[in-house]
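Add chain B to chain A, keeping to what the hints say.
In order, the protein sequences belong to chains A and B.
Going by this note's numbering, the first sequence opens with residue 1, and the numbers climb by one from there.
Going by this note's numbering, the second sequence opens with residue 1, and the numbers climb by one from there.
Treat the hints with care, as some may be off.
As the list claims (entries may be wrong) - Taking lysine-lysine and the DSSO-like style, the derived pairs with C-alpha atoms no more than 27 Å apart in a straight line are: (1) B:Lys148 - A:Lys37; (2) B:Lys194 - B:Lys122; (3) B:Lys194 - A:Lys37; (4) B:Lys194 - B:Lys148; (5) B:Lys174 - B:Lys16; (6) B:Lys194 - B:Lys174.
As the list claims (entries may be wrong) - Listed next, with one range per pair, are the computed distances between beta-carbon atoms: (7) A:Leu21 - B:Arg13: 41 to 49 Å; (8) A:Leu16 - B:Glu46: 47 to 55 Å; (9) B:Pro85 - A:Asp22: 41 to 49 Å; (10) B:Tyr56 - A:Asp12: 38 to 46 Å.
Everything labelled a hint here was simulated from the structure, so no lab data went into it.
Yeah, the Cβ is synthetic: ideal placement off N, Cα and C, and Gly gets one too.
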Amino acid sequence: MSGNNPGFSLSDGWDLSGLTLDQLWLRYIAIGGTVGKAQLAVYARGRGRPDDYQHNMIAQAINEHFLDRGGDHPVGYHDIPSLP
Amino acid sequence: MQADTTSEALLGRIVKAAVSEVSGARYAGITLVNARKVSTPAATSELVERIDQIQYETGQGPCLESAARHQTVRSDDLREEARWPRFARRAADLGVVSMLSVQLFAGAESFGALNIYAESAKAFGPDSESTGILLASHAALAMAAARKEANLLAAMDTRDLIGQAKGILVERYKITGVQAFGLLVASSQSVNHKLRAVAEHLVATGELITPPR
Numbered sequence: 001m002s003g004n005n006p007g008f009s010l011s012d013g014w015d016l017s018g019l020t021l022d023q024l025w026l027r028y029i030a031i032g033g034t035v036g037k038a039q040l041a042v043y044a045r046g047r048g049r050p051d052d053y054q055h056n057m058i059a060q061a062i063n064e065h066f067l068d069r070g071g072d073h074p075v076g077y078h079d080i081p082s083l084p
Numbered sequence: 001m002q003a004d005t006t007s008e009a010l011l012g013r014i015v016k017a018a019v020s021e022v023s024g025a026r027y028a029g030i031t032l033v034n035a036r037k038v039s040t041p042a043a044t045s046e047l048v049e050r051i052d053q054i055q056y057e058t059g060q061g062p063c064l065e066s067a068a069r070h071q072t073v074r075s076d077d078l079r080e081e082a083r084w085p086r087f088a089r090r091a092a093d094l095g096v097v098s099m100l101s102v103q104l105f106a107g108a109e110s111f112g113a114l115n116i117y118a119e120s121a122k123a124f125g126p127d128s129e130s131t132g133i134l135l136a137s138h139a140a141l142a143m144a145a146a147r148k149e150a151n152l153l154a155a156m157d158t159r160d161l162i163g164q165a166k167g168i169l170v171e172r173y174k175i176t177g178v179q180a181f182g183l184l185v186a187s188s189q190s191v192n193h194k195l196r197a198v199a200e201h202l203v204a205t206g207e208l209i210t211p212p213r
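Excised from the complex, chain A in its bound form (with noise of 0.2 Å):
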């Protein structure tokens, strides 16, 4: 899945991903990440209102975890420029 195609939503994909919250938090802080634990779980949960931008980085964080193991992309972004 590539794009802004809409693939997984971020609470399916975090549940897929068999990440505790430790996990990914740090995976999401290591790629610029700005909010706590608290309130990662609850965009990650989709219980909040993610900008475009944080979104993204939470998809990155998980997908992450699947390039780790050989996956490709399966969360969904928003909003993702195309390459120059």
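Below, chain B alone, put in the same frame as chain A:
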């Protein structure tokens, strides 16, 4: 014991404490099991490393059993031990008679075993086991904290690298940091590389990875 947080120093202090505090102990060592790789990162004597090597070679012994089953395993006399015959015979030939192996276990993270050795039979009893369990529990928690710190430092390093990469893109294309992050993600998607790899390549070469045309 938690003042020195380097892993090697910490494990060294634990095995020394095991010899001084566990009644009957003569030598001690730690077996670590990590992603199916077994190692002896700390030992009070070269003899301990030789004993552990026998366990690795034979695939049997109290510390492997302790690490695998997450329980304390004790042998009162290796010369008469039937549970691990190949290991026991070779260990006894080296002069080790009693062994006590206590798992290093903290929550969901299983690290291995603290192994304690004696040169006489029936050297270890309930008090030895209790002290060994206390030491091993403390060690496992300290090791988990050290590993957590190491993971956090690695995450900060990656964050810094991605920040540099975003900065390059912001300057090059006159875009915002959010848009720059989007370009890094687009690159990651297109070639199935993690953001760190994309950022490393960009910072090192000035090029944003794109799929071959």
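Of the numbered hints stated previously, which ones are contradicted by the structure, given in increasing order? 2, 5, 7
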